[in-house]
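Chemist: I would like the entire structure built from these sequences, with the hints used as guidance.
Chains as they are written, first to last, in this note's numbering: chain A, -13 to 352; chain B, -13 to 352; chain C, -13 to 352; chain D, -13 to 352.
The reader is advised that the hints may include incorrect statements.
Intra- or inter-copy, both count: the list cannot distinguish identical chains.
List of simulated lysine-lysine pairs, BS3-like, C-alpha gap at most 30 Å [to be verified]:
id	residue 1	residue 2
1	K104	K230
2	K0	K104
3	K94	K104
4	K0	K341
These are calculated hints, taken from the structure and not from any lab test. The structure presented is a predicted model; accordingly, all values stated were derived computationally and were not measured.
Protein chains: 4
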Amino acid sequence: MSTVKAAVLTAYEKPLELREYPALTEAGPGEALVRVEIAGICGTDVHLWLGQLSVPLPVILGHETVGRLEVLGEGLTHDWRGNPLSAGDRVAWASSIVCGECYYCRVKRQPTRCLSRKAYGISYCADTAPHLRGGYAQQIHLRAGTAIFRLPDDLPSDAVVGAGCALATAIHGIERCPVEWGDSVIVQGTGPVGLAAIAVAKQAGATRILAIGGPPHRLELARRFGADGTIDIAEVTGIEERRKLALAFTGGFGADVVIECVGYPDAVNEGIDLPRDGGKFLVLGQYANAGNISFNPHIITRKQLIVQGSWGFEPRHVDRGLRLLEIPHWQRLFADEITARFPLDQANEALETVKGWRAGKTVLIP
Amino acid sequence: MSTVKAAVLTAYEKPLELREYPALTEAGPGEALVRVEIAGICGTDVHLWLGQLSVPLPVILGHETVGRLEVLGEGLTHDWRGNPLSAGDRVAWASSIVCGECYYCRVKRQPTRCLSRKAYGISYCADTAPHLRGGYAQQIHLRAGTAIFRLPDDLPSDAVVGAGCALATAIHGIERCPVEWGDSVIVQGTGPVGLAAIAVAKQAGATRILAIGGPPHRLELARRFGADGTIDIAEVTGIEERRKLALAFTGGFGADVVIECVGYPDAVNEGIDLPRDGGKFLVLGQYANAGNISFNPHIITRKQLIVQGSWGFEPRHVDRGLRLLEIPHWQRLFADEITARFPLDQANEALETVKGWRAGKTVLIP
Amino acid sequence: MSTVKAAVLTAYEKPLELREYPALTEAGPGEALVRVEIAGICGTDVHLWLGQLSVPLPVILGHETVGRLEVLGEGLTHDWRGNPLSAGDRVAWASSIVCGECYYCRVKRQPTRCLSRKAYGISYCADTAPHLRGGYAQQIHLRAGTAIFRLPDDLPSDAVVGAGCALATAIHGIERCPVEWGDSVIVQGTGPVGLAAIAVAKQAGATRILAIGGPPHRLELARRFGADGTIDIAEVTGIEERRKLALAFTGGFGADVVIECVGYPDAVNEGIDLPRDGGKFLVLGQYANAGNISFNPHIITRKQLIVQGSWGFEPRHVDRGLRLLEIPHWQRLFADEITARFPLDQANEALETVKGWRAGKTVLIP
Amino acid sequence: MSTVKAAVLTAYEKPLELREYPALTEAGPGEALVRVEIAGICGTDVHLWLGQLSVPLPVILGHETVGRLEVLGEGLTHDWRGNPLSAGDRVAWASSIVCGECYYCRVKRQPTRCLSRKAYGISYCADTAPHLRGGYAQQIHLRAGTAIFRLPDDLPSDAVVGAGCALATAIHGIERCPVEWGDSVIVQGTGPVGLAAIAVAKQAGATRILAIGGPPHRLELARRFGADGTIDIAEVTGIEERRKLALAFTGGFGADVVIECVGYPDAVNEGIDLPRDGGKFLVLGQYANAGNISFNPHIITRKQLIVQGSWGFEPRHVDRGLRLLEIPHWQRLFADEITARFPLDQANEALETVKGWRAGKTVLIP
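Modeler: Spelled out as structure tokens, the structure:
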């Protein structure tokens, strides 16, 4: 093979273009070449496509990827966990690389806020060699320092990509805003991050979980993931009505922890009313700047709330996520979340499927 | 003495009335009668006066009080700390009583959110016997269960009332949103809560403290309390300009902890830009519901902030505050904060003085 | 019924005596009379019997009890959770009462270390009226201030007494020394506290749990409760051999959390070698003073361990335990732990059964 | 200069030898050559000298060093904080290098327990090129990855070496076992770590600090550092008597935090009795394995203690320490701690001075 195909975002709101790039055969020190097996479509990809987040076009999208190691650069002998690596190994990797040296990396130990963080499928212009820095392609070039994880044989790629970046995002968020065993939890949003948040809350021992979202096929997923109750926002359209149902579900006072995984700013106003006094509100979904809301800060003081943000994730959250996926129960649920598969040349149909909430999880098979 | 005088709020935005009530001579089990020596005027009293918080009129204001025990009801033998009590002892007390039995008191250990919490000087109608349940009076009747603190002889009443409820409020807030030694801290607001927050942050070892407030005589107080720098909001009127100064003061990235002690909702929008990524924002001043702001929740996710509320305080915060006041440095600063003293029949002048920020701390000497 | 029977510890190491006391018919303010339905035999009862803890003989043992309310004293209208109470209600209660006023209750919020804490079945001399202050009796007299819990109809008494004080003890211990989801956990000891610790660790999301204990029927219980592996100390008798197995089980470095639920001091020396560096060691079983060990403190510094103690429990831990028991899975397991039932006049046989580890959980049916 | 002198430990318990090594003039990528200005003698150096910790002899001792950059290897352009570096800069550095890749570095974020951690002045055999890997020498060769800190002009080298590794050790320990403002603290030991612990506790707002140690000149230092009281162990020789004094000093119940900085294992038995119930005990001084004690683990359960270990420190603790030293009060105290200075050829006299507790802090001026 002398060329590889990639689906490239060349202009916002336009169809991705299928382009060919020279196949790579050599990797520098610490680098790796990976043959892509499966690439997840993340909701963020839709935001990127629509131009809601600025990126250096053209970009090969795709930051949730599993593939097989083809070439290992000098010095790349072990994965992030210390397991030996060799060509042919099935691997996943953390989508971002940080500098490890800046104020946030070092002094404040908040590497997700690294001043020069770059993410595969987002931050790399495809016009610049080595071009292949996104998952919507047959081959991907991993920089030295990428946190690579060799996948255990009994951990299917479907589970890993089904969980996608949503699982690591939820793990990081809930690390910052812990769910304790016995807690009541409300999850706003039943997209991939919402489902992952349900999974993590359940694993952490939450005993009452309410999911607010839709459409019905996703609420059904939420229940399978562990939600004890669901509210369909298309059915119960009034915020006040939803609030009453949610409070009733959590014993009248509100939930110990509320996790916003929606993305629309209004969800923050709906969500902040749902924790009990002294409870926690994890604002996890406001990844893109989607504008202002009319907000009353008095509620924070009066209810002595903890409102917590969380951004992206670190390699150790990927590690924790992959360990969670070794539990057969979760492995199956996340793998089954994938209900739509497209070849690379139908990447646009795949993006449309995600945009329209028409599937569980949508993936490309390059 | 067969009657006692009290300054009574009978109608919002009207002058307090000086009324007389029958002097009390007997206390029921666990209750106490106290001869008031000095009563602080809190900013909250101004809010109450202006009708910004609803109370059961007529009300004898005053929830920051020191006096001498006159009568101890049966079974009242020791103060909250276990020290013996007798008539003549100089005492202060926590301004609120909680039920100790509700969901918030018991299950969630958040007694400041007790479902039936009542505060002296706020929650008691003066038309109902025993009438005397506020500090703007010559005598006060303390319910059984009030957390009374016998004051050490070398702790002047001025220091206790100079610190007022602001100190316990700041202590509670900073307990929820800790300042670590070496932290950089920005305090918004230089009223009594702001000054107390500076004191607590300083005692906790903050090494860079910036106070944003005014007028100049209060910024001078802020510097005496430990602020390493101040910004006069009347002088630097642009929020963006203040932001630049604040970030420069804290090394470019923002403060480890920002403490809002202002009360105007807009301060929350100004303040949320001032912590570094991963930093903390304590929303301590939004005690009254002063309306909505146009707010962008994306910042919480992106900066992975901790936004923390805190409401009132518990007896143990009063205890901690009184211990802080045993340190001569703080004792002197809080005592010296009192710069205006009025007799009871000038309670309206006292309120006007507080409303107009014309003094450090204003007190009544009934 | 004019008299009630009770099994009374009159002298250490001697058989309990069956005595009769006047049946109580009246309860003072806040007090309650309860007809005992089922009383658990705790390992502590064996310690008391053998004189390893000093108590005011004669004592009616029994601090794990479920019964029906017969008489409610004035003012006793609601249970600890705020649910209404009436005669005939099936109830359990926290075994200890604290003063709520001392240094530990108030200032340090450590009520389990209350300076005047007293426990039913342990701290009350049966010669003093009202005599009936232990569970090994047909009737029990509850003091005002006892934390009573009305049991939901669908929560069987067997589950509550099967869990006994062990569950609340484990909940408190793990609150102080938290298990996070995904943690590896080693539990030393498979008595009631060990099983309860497994349950709580499992509910909190531990993904690798190793139980070290015996005999085989208790290891079988441990596996049913959620242990992924067990080591029988009668089979693997060498501490070094057990250590190797335990480290292998936890990936070579040791467990994130080790929970000692044994009681023999030597278990502390075995256990402290089992956490990974920076891990946690909860010393939960050293309830009685069973003497000294030869101990090397260097390990604490070098492995930068957290070694945590925990004593008894508070009503809120009973509350949390009862909520856990509402989960059918746990309810069934704890109820099934009861494998030996004795009438009151066979209390000595019951104690012997517990002493000899011959049953799961042993109970009296008075 | 074509050779550099170094004081070399060639055999345990023997005098150090003054040897000459070829002066280095070139540094590989990321490496640095530093001209040593001042090297602290740490108590650990005495342990090494006496063979109580095993090292690869011959070793150039010295892990507390300040010097001037002579040569910067390729790519070494900035210090750990991101400040630009150039030849002639005065610098200090973290004494250890970790791999950043092992289980402890990555997964558990406990780099002080890195599986391949190496420390200057301890872990490097002087027979192996580049030989110069300890501070008791005129020149030192720093490996790539060393956390170098450019010292501000107004921070004297004396303060940095006076604080030595003791300050970073205390900062790390107290990070793991926090002192809160208002806490009472007992520090066992008044060597460099004890004094540093007093400094950090004081900066963190402790309001009652008791130091137990000696000899008198060090207790005088302890008082200057902030101890409110001291006990001379040569004067009050009975442990029980010291315990009574310590409890009386802390209000009868014991201290909120006790910090062991002694090193003798018996100090752990003395110290564990000194925290209040529910208090904390930081075992910071048991750096070397000095054997077993007869220990009663019951106290951990009964007093529900937190016993915390801490090992070494990370670069961020050095960073925090250097910031503390920017406060003039601490800068002066730590600089003044140096009371004995020796040239390199009197390194043995320097070690003897430290061994005999005959000085505040002892340093070499190579």
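Chemist: Taking the hints in turn, state whether each one holds.
Modeler: Evaluated hints:
1. K104 - K230: between (43 Å within a copy, 27 Å between copies)
2. K0 - K104: within (24 Å within a copy, 55 Å between copies)
3. K94 - K104: For K94 and K104, the Cα distance is within 30 Å both inside one copy (19 Å) and across copies (24 Å).
4. K0 - K341: This pair counts as within: shortest intra-copy Cα distance 14 Å, inter-copy 59 Å.
The structure fails none of the hints (numbered hints given earlier).
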